[in-house]
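Visitor: Here are the chains, one letter per residue:
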Amino acid sequence: MSDVLYSVRDLVKDFGTDELRTRVLKGMSFELVKGEFVALLGPSGSGKSTLLTILGTLLAPTSGALEMLGQNLVHLDERRLTEFRNRHIGFVFQFHHLLPDFTAVENVLFPAAASAGVETAEARTRARDLLNRVGLSDRQEFRTPKLSGGQKQRVAIARALMNHPALVLADEPTGNLDRETADQVLGLLRDMNRTEQTTFLISTHDPHVAAFCDRRITVIDGRFATEAELR
Amino acid sequence: MRFAIKVAWRYLASNRTQTALLLGGVAIGVLVFVFMTALIGGLRVFLIVQTTGNIAHVTLEPPERVARLIATDGGYTPLVATVASNTKRAQIFAWQTLLYAAETTPGVKVASPQINGNAFLVKGEAISPVLLNGLRADRLDAISAITPKIIAGKAQLDIDGILIGAKLASNLGLRIGQPVVVRSDRGRVRTLTVRAVYRTGVGSLDERVAFVNIQLARTLLDLPQGISQIELKLDDVNAAPGIATALGRTTGLKATSWVDRNAQLFVALNSQAQTGSLIQIFSLITIVIGVSSALLLTTYRRRGEIAIMRSMGISRVFVVSVFILQGLFIGLLGASIGAGAGYGFCILLANLSRRLDGSAFPIDPAQGGYVAVIVLTTLGSVLAAILPARAAARVDPVEVLNQ
Ligand SMILES: Nc1ncnc2c1ncn2[C@@H]1O[C@H](COP(=O)(O)OP(=O)(O)OP(=O)(O)O)[C@@H](O)[C@H]1O
Ligand SMILES: [Mg+2]
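Each protein sequence line maps, in turn, to chains Z and L. Reading the first sequence from the start, the letters are residues 1 to 231 in this note's numbering. Reading the second sequence from the start, the letters are residues 1001 to 1403 in this note's numbering.
For the record, the hints were derived by calculation from the structure and aren't laboratory data. A portion of the hints provided could be inaccurate.
What the hints assert, rightly or not - Residues on chain L that point at chain Z, a partial pick, calculated with CB under 10 Å:
id, residue
1, R1002
2, S1014
3, R1139
4, A1142
5, R1208
6, V1209
7, G1304
8, I1308
9, M1309
10, I1314
11, P1397
As the list claims (entries may be wrong) - Each pair of labels, with its calculated beta carbon distance range:
id, chain 1, residue 1, chain 2, residue 2, range
12, Z, V118, L, A1013, 15 to 25 Å
13, L, S1353, Z, R79, 35 to 45 Å
14, L, R1002, Z, E83, 16 to 26 Å
15, L, A1273, Z, T120, 51 to 61 Å
16, Z, R79, L, I1285, 26 to 36 Å
17, Z, G27, L, T1017, 30 to 40 Å
18, Z, E122, L, T1275, 56 to 66 Å
19, L, Y1300, Z, R179, 44 to 54 Å
20, L, A1013, Z, R79, 29 to 39 Å
21, L, T1275, Z, L20, 53 to 63 Å
22, Z, R87, L, Y1300, 23 to 33 Å
What the hints assert, rightly or not - Calculated from the model, a selection of chain Z residues having no Cβ within reach of chain L, i.e. all distances over 12 Å:
id, residue
23, R9
24, R23
25, L58
26, L81
27, F95
28, T120
29, F224
Since this is a predicted model, take the numbers as computed values, not measurements. Every residue, glycine too, gets a C-beta built ideally from N, C-alpha and C.
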């Protein structure tokens, strides 16, 4: 059995129409191995967020091959992509992006309940368990606007893990947090990586975060940087 | 679905002011609808009761003698024909049988056989033309209630008495108990006694009509066997056209319903109903536009949240159903509130109207069209939610999340 979770071949992404076409991703190939904890580095505007949204099936590539869990993602229709994303991929954004009208626990179980159509007892248990693990056992019934930035980000992490995804894509998850909170959040991600065998791809500008990861890949101007370029 | 209901409900509940305004708007639209429906329904009943209260619902008259072919030689050349003729008096023969048939027809409340004709009332030098209406003594009030309108004397149709209108009485200077000479257009002359004077408020009735016993009319108008017409009152005025057609067929008489004789009332009622429908349609359109624009605004305000949901892999169907359900709840709730308030408002006006004189607002709270308005508003509201829901489903998660 292959340990490859995600394989990307010759990924190209253009933005804009004919005359104003700009190539943001200029042919990227790489693989993510199951259970990896990877940092995605690169200067601002190099294409990190674009890469993450494409990997997360929110955005279609201009060309190239994407295969995750043996599933070719390029030719799936919108409905199947949505379903695939729901089952196998979790997102954590820089600005948590929680639903303000719902409590912490409702936010966490949302991805499960909305796709199942009902709020099951198991989902509730799983959501509570995740919130306990991110240290929010006493904030479960709080509406999210009443939580602090770090607490919100921890709810977002719990939510990303709700459906036992194989891959979590985190776009600068600590970019908005102070050092101490950032470390706490990073520790949580690592903990989830260990306990649930979830693969993490974390984009960051923070060398501290980069050092914390198993592996670092760097994007410069839409291409992976070689070892030579990095030195 | 159950979770979509929860989300839709939460969205409505978390934005109380907007939801309250929206519900209020829908409720007011529904209230207008209910009020118009109850008013037009009530007005219709009121006008029909007013109209049918003092007239025959079905009138049976001698058949019109129309020229027609009796025999042909196979379809082309007429061989024998009857010709429209005025040489014989129009009358209903064998009327006892026909009266019995009419009286026993289901839906017929009472039948009044009548002999009518023209006459002059003479008092000294004064003379006045009248329509003599010969009624059976026990059917005096059957078609139009005369007794309650009597201002002097007693409602009594005997063989030498006459009931006259107040205007006629004053024209001829007649009082109760005084004699009056009646000369019919058949040349018969009798001296009768004024038994009662009535005032109906209808000019022609108070000045140009006099009531006598049918036996008296028979001699005065020289109609030894037949009668002029049979007037019927029915249990249900709306059954009149049907019963008229049926009786016309079975008796061979010319049967007309009050509906035929009051065509202009129905023209008025119909144009009134059309005005009402127009107001109803506009109040529904207003509701639909209101709900649609409010939800569209909500969709726009919640684009970020929709994007988050889509990034979590939540289907477009779910997003659409959340917004459709919001439309459904607003429609159902707003319509129920509006229908309840409309009912209360109609009861209030109906009571007020009854305390005044009964015709200020002939509103009928029972005819508010409540079920119809709730169903229509809910449907309209759901339809109104389609546009916002589709806009919500089209939100591109990347575009929003990148901001
Ligand atoms: N929708 C779009 N249309 C046009 N250009 C876009 C679009 N989205 C991104 N870009 C461009 O693509 C390039 C890469 O953007 P991206 O957001 O992926 O960078 P990034 O590496 O995440 O930067 P940062 O570290 O600042 O977040 C930028 O030059 C950006 O202007
Ligand atoms: Mg970025």
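Visitor: Look at each hint and say if it fits the structure.
Guide: Structure-based check of all given hints:
The interface hint given for R1002(L) is met, as the beta carbon of that residue sits about 5 Å from the closest beta carbon of chain Z, less than 10 Å. Taken as an interface hint, S1014(L) checks out: its beta carbon lies about 4 Å from the nearest beta carbon of chain Z, inside 10 Å. Hint on R1139(L) is violated. Least Cβ distance to chain Z is approximately 72 Å, over the 10 Å limit. The criterion of a C-beta within 10 Å of any C-beta in chain Z is not met by A1142(L), whose closest approach is roughly 68 Å, and the hint is violated.
At its closest, the beta carbon of R1208(L) sits 78 Å from a beta carbon of chain Z; the interface hint therefore is violated under the 10 Å criterion. Violation of the interface hint for V1209(L) is found here, the shortest Cβ-Cβ separation to chain Z being roughly 77 Å, above the 10 Å cut-off. Taking 10 Å as the C-beta contact cut-off toward chain Z, the hint placing G1304(L) at the interface holds, the least distance being around 7 Å. For I1308(L), the shortest C-beta to C-beta distance to chain Z is roughly 5 Å, which falls under 10 Å, so the interface hint holds.
Against a cut-off of 10 Å between C-beta atoms, the interface hint on M1309(L) holds, since the closest Cβ of chain Z lies about 7 Å away. For I1314(L), the interface hint holds, the least distance from its beta-carbon to any beta-carbon of chain Z being 4 Å, beneath 10 Å. Because the closest C-beta pair between P1397(L) and chain Z is about 5 Å apart, less than 10 Å, the hint holds. A hinted range of 15 to 25 Å for the beta carbons of V118(Z) and A1013(L) is consistent with their spacing of about 20 Å.
Our hint of 35 to 45 Å for S1353(L) and R79(Z) is violated, since their Cβ atoms are close to 59 Å apart. Judged by the Cβ atoms, the range 16 to 26 Å given for R1002(L) and E83(Z) holds: they are separated by roughly 20 Å. For the hinted restraint 51 to 61 Å between A1273(L) and T120(Z), the CB-CB distance of approximately 53 Å keeps it satisfied. Distance hint check for R79(Z) and I1285(L): the Cβ-Cβ separation is about 35 Å, which falls inside the suggested range of 26 to 36 Å.
Checked against the given bound of 30 to 40 Å, the beta carbons of G27(Z) and T1017(L), roughly 53 Å apart, lie outside it. Our hint of 56 to 66 Å for E122(Z) and T1275(L) holds, since their Cβ atoms are close to 59 Å apart. Distance hint check for Y1300(L) and R179(Z): the Cβ-Cβ separation is about 38 Å, which falls outside the suggested range of 44 to 54 Å. For the hinted restraint 29 to 39 Å between A1013(L) and R79(Z), the CB-CB distance of approximately 30 Å keeps it satisfied.
Between T1275(L) and L20(Z), the C-beta spacing of about 58 Å keeps the proposed range 53 to 63 Å intact. Between R87(Z) and Y1300(L) the beta carbons are some 30 Å apart, a value that agrees with the proposed interval 23 to 33 Å. Distance to chain L confirms R9(Z) as a non-interface residue, since its nearest Cβ pair spans about 22 Å, more than 12 Å. Under the 12 Å C-beta cut-off, the non-interface status given to R23(Z) relative to chain L holds; the minimum distance is some 17 Å.
Its beta-carbon lying about 5 Å from the closest one in chain L, L58(Z) breaks the requirement of being farther than 12 Å from that chain. A beta-carbon of chain L comes within 12 Å of the beta-carbon of L81(Z); the shortest separation is about 8 Å. In this structure F95(Z) is not separated from chain L by more than 12 Å, as the shortest Cβ-Cβ distance comes to only about 9 Å. Some Cβ of chain L comes within 12 Å of the Cβ of T120(Z); the nearest lies about 10 Å off, and the non-interface call is violated.
At roughly 22 Å from the closest C-beta of chain L, the C-beta of F224(Z) stays outside 12 Å, upholding its exclusion from the interface.
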